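Visitor: Spelled out, the chains give:
Number of protein chains: 6
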Amino acid sequence: MNEKILASGNLQIRRFFNLDTRAYERGALPAKTKELLGLVASMVLRCDDCVTYHIVRCVEEGVTDAEFFDAFNVALVVGGSITIPHLRRAVERLEQCRGLKKASRRSS
Amino acid sequence: MNEKILASGNLQIRRFFNLDTRAYERGALPAKTKELLGLVASMVLRCDDCVTYHIVRCVEEGVTDAEFFDAFNVALVVGGSITIPHLRRAVERLEQCRGLKKASRRSS
Amino acid sequence: MNEKILASGNLQIRRFFNLDTRAYERGALPAKTKELLGLVASMVLRCDDCVTYHIVRCVEEGVTDAEFFDAFNVALVVGGSITIPHLRRAVERLEQCRGLKKASRRSS
Amino acid sequence: MNEKILASGNLQIRRFFNLDTRAYERGALPAKTKELLGLVASMVLRCDDCVTYHIVRCVEEGVTDAEFFDAFNVALVVGGSITIPHLRRAVERLEQCRGLKKASRRSS
Amino acid sequence: MNEKILASGNLQIRRFFNLDTRAYERGALPAKTKELLGLVASMVLRCDDCVTYHIVRCVEEGVTDAEFFDAFNVALVVGGSITIPHLRRAVERLEQCRGLKKASRRSS
Amino acid sequence: MNEKILASGNLQIRRFFNLDTRAYERGALPAKTKELLGLVASMVLRCDDCVTYHIVRCVEEGVTDAEFFDAFNVALVVGGSITIPHLRRAVERLEQCRGLKKASRRSS
Chain A
11 MNEKILASGN
21 LQIRRFFNLD
31 TRAYERGALP
41 AKTKELLGLV
51 ASMVLRCDDC
61 VTYHIVRCVE
71 EGVTDAEFFD
81 AFNVALVVGG
91 SITIPHLRRA
101 VERLEQCRGL
111 KKASRRSS
Chain B
11 MNEKILASGN
21 LQIRRFFNLD
31 TRAYERGALP
41 AKTKELLGLV
51 ASMVLRCDDC
61 VTYHIVRCVE
71 EGVTDAEFFD
81 AFNVALVVGG
91 SITIPHLRRA
101 VERLEQCRGL
111 KKASRRSS
Chain C
11 MNEKILASGN
21 LQIRRFFNLD
31 TRAYERGALP
41 AKTKELLGLV
51 ASMVLRCDDC
61 VTYHIVRCVE
71 EGVTDAEFFD
81 AFNVALVVGG
91 SITIPHLRRA
101 VERLEQCRGL
111 KKASRRSS
Chain D
11 MNEKILASGN
21 LQIRRFFNLD
31 TRAYERGALP
41 AKTKELLGLV
51 ASMVLRCDDC
61 VTYHIVRCVE
71 EGVTDAEFFD
81 AFNVALVVGG
91 SITIPHLRRA
101 VERLEQCRGL
111 KKASRRSS
Chain E
11 MNEKILASGN
21 LQIRRFFNLD
31 TRAYERGALP
41 AKTKELLGLV
51 ASMVLRCDDC
61 VTYHIVRCVE
71 EGVTDAEFFD
81 AFNVALVVGG
91 SITIPHLRRA
101 VERLEQCRGL
111 KKASRRSS
Chain F
11 MNEKILASGN
21 LQIRRFFNLD
31 TRAYERGALP
41 AKTKELLGLV
51 ASMVLRCDDC
61 VTYHIVRCVE
71 EGVTDAEFFD
81 AFNVALVVGG
91 SITIPHLRRA
101 VERLEQCRGL
111 KKASRRSS
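Chains as they are written, first to last, in the working numbering: chain A, 11 to 118; chain B, 11 to 118; chain C, 11 to 118; chain D, 11 to 118; chain E, 11 to 118; chain F, 11 to 118.
Relax, there's no trap hidden among the hints.
Taking lysine to aspartate or glutamate and the EDC-like style, the derived pairs with C-alpha atoms no more than 20 Å apart in a straight line are:
| id | chain 1 | residue 1 | chain 2 | residue 2 |
| --- | --- | --- | --- | --- |
| 1 | A | Lys14 | E | Glu102 |
| 2 | A | Lys14 | E | Glu77 |
| 3 | B | Lys14 | D | Asp75 |
| 4 | D | Lys112 | D | Glu77 |
| 5 | D | Lys42 | D | Glu77 |
| 6 | E | Lys14 | C | Glu77 |
| 7 | B | Lys112 | B | Asp75 |
| 8 | A | Lys14 | A | Asp59 |
| 9 | F | Lys14 | B | Asp75 |
| 10 | B | Lys42 | A | Glu77 |
| 11 | A | Lys14 | E | Asp58 |
| 12 | B | Lys42 | A | Glu71 |
Partial list, computed: chain F residues near chain D (C-beta under 10 Å):
| id | residue |
| --- | --- |
| 13 | Asp75 |
| 14 | Ala76 |
| 15 | Phe82 |
| 16 | Ile92 |
| 17 | Pro95 |
| 18 | Val101 |
Derived CB-CB ranges, DEER-like:
| id | chain 1 | residue 1 | chain 2 | residue 2 | range |
| --- | --- | --- | --- | --- | --- |
| 19 | C | Asn28 | D | Leu16 | 46 to 52 Å |
| 20 | D | Thr74 | C | Gly109 | 36 to 42 Å |
| 21 | F | Asn28 | C | Asn28 | 45 to 51 Å |
| 22 | C | Lys111 | A | Arg25 | 52 to 58 Å |
None of these hints come from the bench; they were simulated from the model. From a predicted model like this one, the values you see are computed outputs, not experimental measurements. Backbone N, C-alpha and C define an ideal beta-carbon position, used for all residues, glycine too.
With the rest of the complex left out, here is chain A (with noise of 0.2 Å):
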């Protein structure tokens, strides 16, 4: 869908596009951190699938289960129980991440 997006010719539009993937590549701060202040925004500002791709991305960049749990309860302090369905739903793809992760470890 990006794609057809990103087709319709709307060069400020691809331009934003640009500037959100290069806000979490590694400047002053780490990509790792990056992300996770991704997660937590995400979070606060509730959309889900804007959470899974944080969520997948911080699995890419190596973040503990007990770090994503110390993000989830700053998003969970700051956002209040509003944040609840989507933090349950966080946990969901977390554990999907990491059975994929491990499926695919055992199947190479």
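Given chain A, work out where chains B, C, D, E and F should sit, using these hints.
Guide: Chains B, C, D, E and F alone, transformed into the frame defined by chain A:
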């Protein structure tokens, strides 16, 4: 003002305040990372008082200017131009913090 | 899914869940009023899962349809037309709750 | 300032203001409960002016301090620590209201 | 489902729905501009159902693809990357609308 | 203050500011319509500084009072009564803009 809230005798509010304090203590993630998480969460939710609080704490944890701007950029991209007035005030607060620190170092 | 979150061993998240449960227990305000507060807060923040939870609890506390629509109206006026899709789903959930209650009464 | 808005001749805005006023009048739910709903909705949406308005009205409807703090606690748990600066100002407003009431009682 | 809400007998909710309909009728601003306002407001508040409704209406008012993407871009810049999943679904809905229109033109 | 942000050397923030400026330039939609989109988006997201900015720009683009109130009404219906304090301040800003314009015309 917090004292008045705590003096209200509402035990649950007191417990919430306690959880709020503890969420930023060193755990699996270092305190510095947690404060950055609190800072970005506060910026995308657009709360100037919360942003100021986390800037002060981030400065105490040794966050550099380049690291601050990396975090500001994540908040700006996630939260959009609606966060710009808060970004402006955040930069102002950061300058004040740096100024105060220099002043106190000089006078000691 | 809550079990998985609670099993994560993150003590602070567990404490938050406990505060969340206790916030709706009878205190100076009756449980019925507190559940209505939770319902309206959930509607203006537009969280369907939270709305469903508080509708179930409000039905248990004996909230009548006329009282529900009074509360829905406050949420609609405060939160605006952006809450209408959530209002629709809330009315649907309420009907299901009423239906289930009648069905279980008949079968007993 | 409301007068200027109403004088703008925009009939629909005038009708909205009318709906806003009527939403808190006694219906199936008493005015006191409706004002508490408005208070908590305003706190989780973090609007200080709206919070002040509903505190004044709640005081008029005889809401006690213990009841206020029960409602504040629901707002805090639902909305998270991002509501704390608004909670602080709410407690300040409540104290001012109580003070004014005592002063006016003494002078009468 | 709207019928059920309207059938609830709550006069104020009915009046709100009426105001909601009339807000997009031609006034000092043309209906097309008002629908674009509704579309962008719905995107930055991230309500897919509302976005879909205004896309359908914008198509009826003759909004071109280039105009849609101009509006999407304003929403994206104001609301940030958190609106991207909603932007994706909006583009999908727009394609469906265009497809349905072509299909109905062909069959007539 | 923008100068300080731009002077921070963070290239990505500078690019975001550039996208923000360009989003309101004439494209498929005229600048006037785009500024109205920015105004309504800012009102429903409740950012007074952003609202003020777009009011100034809308006045420059020749938006009439009746058109402003049509746009305000859309924002009010979509965003609900929680936007009323911002609507009040918006009307105040608009009056100031009109006053300044008259004054400058008289003095020239």
